[in-house]
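Asker: Each residue of the sequence shown is one higher than the one before, starting from 37 at the first, in the numbering used here.
Hints listed in this document are in silico derivations from the structure and should not be mistaken for laboratory results. All C-beta atoms, glycine included, are put in the ideal place defined by N, C-alpha and C. The reader is advised that the hints may include incorrect statements.
When the alpha-carbon atoms are kept at most 27 Å apart in a straight line, the in silico BS3-like pairs for lysine-lysine are as follows [unchecked claim]:
| no. | residue 1 | residue 2 |
| --- | --- | --- |
| 1 | Lys461 | Lys420 |
| 2 | Lys653 | Lys584 |
| 3 | Lys361 | Lys336 |
| 4 | Lys336 | Lys307 |
| 5 | Lys461 | Lys307 |
| 6 | Lys336 | Lys461 |
Taking CB as the label site, the calculated pair distances span [said to hold, decoys possible]:
| no. | residue 1 | residue 2 | range |
| --- | --- | --- | --- |
| 7 | Asn469 | Thr38 | 42 to 48 Å |
| 8 | Arg245 | Ala286 | 47 to 53 Å |
| 9 | Arg249 | Asp178 | 23 to 29 Å |
| 10 | Leu700 | Thr366 | 29 to 35 Å |
| 11 | Thr630 | Arg100 | 23 to 29 Å |
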Amino acid sequence: MTFLNLGILAHVDAGKTTLTERLLFQAGVIRTIGRVDDGDTQTDAMELERRRGITITSAVVTFRLDDVTVNVIDTPGHSDFIAEVERALGVLDGAVLVVSAVEGVQAQTRVLMRTLKRLGVPTLIFVNKIDRAGAREAELVDEIRAALGVRVVALSRVDGIGARTATATARPWDTELLTEATEALADNNEAFMTAFVNGDLPDTDTCRRELTRQTHAGLLHPVLFGSAATATGITELTAAIHDHLPSTQASPDGAPDGLVFKVERGPASEKIAYVRMRAGTLRPRTRPAVRRGTSTLDAKITAVRVFGHGTTTITSDAVAGSIAKVWGMTDVRIGDVITGAASKTSPSTAQPRTDGPPTTVDTAEEPTPTLFARPSWETVVTPKNPRDRMALHAALRSLAERDPLVEPRWEGEQCLVNLYGEVQKEVIASLLNDEFGIAVEFSDSRMLHIELPTGIGEAEEVMGDDASTHFYATIGLRVAPGPAGSGVRYQLGVERGSLLSSMRNAIEEMVYSTLGQGLHGWPVHDCEVTLIRSGYMPPASTASEFRKLTPLVVARALRRAGTVVCEPISRFVLDLPEAAAPSVLSALAEVGSTVEETDAASGVWRLSGTMRTAAVKGIQRRLPGLAAGEATFTSHVDGHRPLTGEPPRRARTDGNPLDRDSYLRFLNNR
Numbered sequence: 037m038t039f040l041n042l043g044i045l046a047h048v049d050a051g052k053t054t055l056t057e058r059l060l061f062q063a064g065v066i067r068t069i070g071r072v073d074d075g076d077t078q079t080d081a082m083e084l085e086r087r088r089g090i091t092i093t094s095a096v097v098t099f100r101l102d103d104v105t106v107n108v109i110d111t112p113g114h115s116d117f118i119a120e121v122e123r124a125l126g127v128l129d130g131a132v133l134v135v136s137a138v139e140g141v142q143a144q145t146r147v148l149m150r151t152l153k154r155l156g157v158p159t160l161i162f163v164n165k166i167d168r169a170g171a172r173e174a175e176l177v178d179e180i181r182a183a184l185g186v187r188v189v190a191l192s193r194v195d196g197i198g199a200r201t202a203t204a205t206a207r208p209w210d211t212e213l214l215t216e217a218t219e220a221l222a223d224n225n226e227a228f229m230t231a232f233v234n235g236d237l238p239d240t241d242t243c244r245r246e247l248t249r250q251t252h253a254g255l256l257h258p259v260l261f262g263s264a265a266t267a268t269g270i271t272e273l274t275a276a277i278h279d280h281l282p283s284t285q286a287s288p289d290g291a292p293d294g295l296v297f298k299v300e301r302g303p304a305s306e307k308i309a310y311v312r313m314r315a316g317t318l319r320p321r322t323r324p325a326v327r328r329g330t331s332t333l334d335a336k337i338t339a340v341r342v343f344g345h346g347t348t349t350i351t352s353d354a355v356a357g358s359i360a361k362v363w364g365m366t367d368v369r370i371g372d373v374i375t376g377a378a379s380k381t382s383p384s385t386a387q388p389r390t391d392g393p394p395t396t397v398d399t400a401e402e403p404t405p406t407l408f409a410r411p412s413w414e415t416v417v418t419p420k421n422p423r424d425r426m427a428l429h430a431a432l433r434s435l436a437e438r439d440p441l442v443e444p445r446w447e448g449e450q451c452l453v454n455l456y457g458e459v460q461k462e463v464i465a466s467l468l469n470d471e472f473g474i475a476v477e478f479s480d481s482r483m484l485h486i487e488l489p490t491g492i493g494e495a496e497e498v499m500g501d502d503a504s505t506h507f508y509a510t511i512g513l514r515v516a517p518g519p520a521g522s523g524v525r526y527q528l529g530v531e532r533g534s535l536l537s538s539m540r541n542a543i544e545e546m547v548y549s550t551l552g553q554g555l556h557g558w559p560v561h562d563c564e565v566t567l568i569r570s571g572y573m574p575p576a577s578t579a580s581e582f583r584k585l586t587p588l589v590v591a592r593a594l595r596r597a598g599t600v601v602c603e604p605i606s607r608f609v610l611d612l613p614e615a616a617a618p619s620v621l622s623a624l625a626e627v628g629s630t631v632e633e634t635d636a637a638s639g640v641w642r643l644s645g646t647m648r649t650a651a652v653k654g655i656q657r658r659l660p661g662l663a664a665g666e667a668t669f670t671s672h673v674d675g676h677r678p679l680t681g682e683p684p685r686r687a688r689t690d691g692n693p694l695d696r697d698s699y700l701r702f703l704n705n706r
């Protein structure tokens, strides 16, 4: 059996979900094509998705393409749900990036292609909506090539572009196509370069094989034209999916290796994990290990179901290449790796143990850096009925299982969650009301800053060194800056056997928790934390002792390292009439924007650059007046930059481990 896990990606409204419906219809999975506007599509199962006509959560749907089982992962197009896209990208064999023939390359299109290139995901580009007025063909291929910075070859052509009767058909492999393909392939193949320069074109089979090889390697992207609404060009697209995207041959051999990319709750509130199997076989009634960072947890699988036809699943072992829904892992989280049999920790001796510099360093797999910018806003969530306050806390923790970046936190009686944008408020409110019966309201969103470490700091607490230590534990930690976009990485710099697994897990858990609030109260990013000393004394030493002590050591090491507060920055593209350029440039300068590129053609200016994310809403409000309603503005968060002057602070909720006495009072009063 052969599997292809295929992502359908696009800027919102490019026709991504409609394309998925068309592929399912053509494969015989559905009898009628659902419409987003009617709320009856296969992959938009949430009531809010059907009501709003947008995809909010990733969905899996399966069809057969000759000898290949294709698992389509339909992802959101709206930028507020980019975290769902990120989780899906880690399980793809290939992708189809949908571009509107009318709107062309849009802000989210750029973000998605940049990420696909970074990950090396083989990608086809499908130009949709060729039947719409204003659709473009050759001009759009040039725009894709220039705006996305990719090598492309158009494998189909359009007759009657922009008319309802427009048709897309496969281009014949004649001299024209062979010449175009040879030129595109030549940059990564010396033999093709020689052939192109000499005018000695390779034969069709040789050219097709090289095109497939470079597509697999992410070096080139075939372009197909069509219309998901009218079905033209879909046969050519499915042929390209089958011929030019890589698939995985199922093999049951070896230990299971699978990645959890989605978690949902079933009818009885049980956790269901979506797992992409990378190797081996996962069976029910087995006890594999679950790797989470440097920790290894035991798991008991009670049921395994794989996608077989459409959105239905069947009871079956999950083999390499497949996507399965897995029951039984009560503590599962997104990003967990299911691996071989769980290891057992040997019981400790009755002697105290301490370790200084390591003789071996832990080699656990590094976490994948965040592909997209993290949420830039936060808001206070308040139950309309005060009696629902405790239920709201539990409900938000449940939602965070599905979207960890929501990160609920509490400031006294207030509950806050992270947001990418305002649409997420409606989603959270709908989920809380529909699933938990809790009606809520939100405060105005406020900017979410981050802190980055500026140096290296070390701290330790050692049993017996000071009567005021209060803890039966020894912990030494080093805090250092990490690579940009890496988040927080925790690693062991001591022998793995120097602590019981429960103690190791407690330290790791509290490192991540404590760095949710840095020296100024903002989350700490791009930080590497290493355990450089450890010790315990049975039976007084427990995991609880390590859980309580870790925040003090982390906070002290972070203070010695130092941090800088950073604000989110957005990258923007702005199209406007030439006459409006002076006033718009002046407005951009007022909010500290940096215009990096300016292109002018036929009386229209395109400005691109960066600005403070906090200024985006203000510019959007002013543009209609500045440009007589003729400006088009798109933006996306694209990193952070240090603030100058006195940094803003955020209230702490952890008893302030930066102050030892305050923290100890916090522990005693809990």
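Asker: Enumerate the violated hints, using their earlier numbering and listing them in ascending order.
Answerer: 2, 6, 8, 11
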